[in-house]
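Novice: Required output: the full structure, derived from the provided sequences and hints.
For the sequence shown, the working numbering begins at 1 and goes up steadily by one.
Hints in this document: simulated from the structure, not taken from any laboratory.
Label pairs and their calculated CB-CB ranges: (1) L46 / G113: 35 to 41 Å; (2) F125 / I172: 20 to 26 Å; (3) K86 / I172: 40 to 46 Å; (4) I133 / L72: 23 to 29 Å; (5) I25 / L184: 28 to 34 Å.
Positions of the beta carbon are idealized from the N, C-alpha and C atoms, including for glycine.
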Amino acid sequence: MLPVIVSTTLVDLHPVFTGILSHAILKERLEKKQWVLIIISLSGGLLASYREPSSLAGEWVLGSILSIIGALAASGYFVIGRIVRKSAGLYEYVIPTYLWSSVFLAVISILEGRYNLLTTDLREFALFVAIAIGPMIGGHTVLNYMLRYVEAPIVSTIAVLEPVGAGILAYIFLGELVEPINILGISLAVSGIVILGITLLNRSQQA
Numbered sequence: 001m002l003p004v005i006v007s008t009t010l011v012d013l014h015p016v017f018t019g020i021l022s023h024a025i026l027k028e029r030l031e032k033k034q035w036v037l038i039i040i041s042l043s044g045g046l047l048a049s050y051r052e053p054s055s056l057a058g059e060w061v062l063g064s065i066l067s068i069i070g071a072l073a074a075s076g077y078f079v080i081g082r083i084v085r086k087s088a089g090l091y092e093y094v095i096p097t098y099l100w101s102s103v104f105l106a107v108i109s110i111l112e113g114r115y116n117l118l119t120t121d122l123r124e125f126a127l128f129v130a131i132a133i134g135p136m137i138g139g140h141t142v143l144n145y146m147l148r149y150v151e152a153p154i155v156s157t158i159a160v161l162e163p164v165g166a167g168i169l170a171y172i173f174l175g176e177l178v179e180p181i182n183i184l185g186i187s188l189a190v191s192g193i194v195i196l197g198i199t200l201l202n203r204s205q206q207a
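Specialist: Listed below in structure tokens is the structure:
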């Protein structure tokens, strides 16, 4: 199984892909130093997901691939949001987005048949409510609000400290540990993305 901190680091490479997509689609140009930071971040992502060949489990590879797909999906989400939010109001955008996401996840859960969506467990219900209020309303909605006024790569950079918190929580509650080379990769990826976000923000303020 792929450790939480590695998975979140790979998913949080989305500012890198967002920068590339913004450059290609929105014509928001990147400077040479920003391309260097993108390469550093991607290299860090590779190290973060590195595993010794003798212990390279199929689940680790699959988890890494799915995490990268998650990063690409998040990049598309931010770029599309940047385009739509230029003309659409916040609630006009987020309500249909969240609604269709909920419908899609509900259909997948029903088809798999492994989850009871109509749970009567108060603890599970409280966790669902907490996820909706915290990460969704308090997180995604704020990011979607910002997309109207700030370039997509800058907005997506805000989430890059997630692996740090996720790694700490995974260690406390799941007892997950990773190898030193993975820690090095995580540090490179997060540092590269943070610096990339700072350079993009500075450029935006100077424009």
